[in-house]
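**Q** Sequence:
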Amino acid sequence: MVLAAGLGTRMRPLTDDRPKALVEVQGRALIDHVLDRLAEAGVETAVVNVHWFADRLEAHLAARGRGPEIVISDERAELLETGGGLKKAHPLLGEEPVFVANIDSVWIDRGDALADLVRLWNPETMDAALLLARREGSIGFEGDGDFFLRDAISGEGGGLAFRGAAASAPYAYMGVHITRPGYADNGCEGPFSLSPLWRKSAAQGRLFGCVLDGDWMHVGDPQARNQAEAKLGTAKS
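Residues in the sequence shown are numbered from 23 upward in steps of one, following the numbering used here.
Quick caveat, the hints were computed from the structure, so don't treat them as lab data.
Each statement offered as a hint is correct.
Below, computed lysine to aspartate or glutamate pairings styled on EDC-like, alpha-carbon distance capped at 20 Å:
(1) K110 <-> D149
(2) K222 <-> E146
(3) K110 <-> D207
(4) K253 <-> E158
(5) K110 <-> D96
(6) K222 <-> D149
(7) K110 <-> E211
(8) K253 <-> D58
Make a model of the complete structure from these sequences and hints.
**A** In structure tokens:
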């Protein structure tokens, strides 16, 4: 599932006439960066939720001309946030484990991050497996970090603990995870975030993660978009 329904208020004025998903970095819309990554990982079908400038986003997706196949989860009537969006989309997603991906995450991969996440995922012991980035050196992330990684085995990830009262944590969630399509089904009606569900899973020892071997760009505002353009341009040269 690709979460593309947000208003993109921090990205204004670039989102005054388009959804954030269609803001371009290095000549490609943010949503194409994500969908192309998922296609490379073997994803054949992607559910995309839409709200802000939904018609324009649907037209772009219909004209992509390459996989994955797109199924629309329509949130025109109400923006449902991450948890509510996953809950609404469950009937479209089936019952097998799914990637859930934000559209504002771009990265340079020195390994195979999505394959690492697939190898980590174990539905018997996990509710969700998150892809993380090292906070230091990331572009566009200004927070104090999200997680500590417990019992990590090199290349295989480990259990996650939230930063809590600590001044900082070394890892940030970089916008892609694996979970069960029904993970959010017991959430409230209407909009809600996945974060409280993750906190409950972490307390039960069922939230895991692995760390990107590469460079993460959180493209959340025009400045970060410009920085990502420069970083990707340098990487290509």
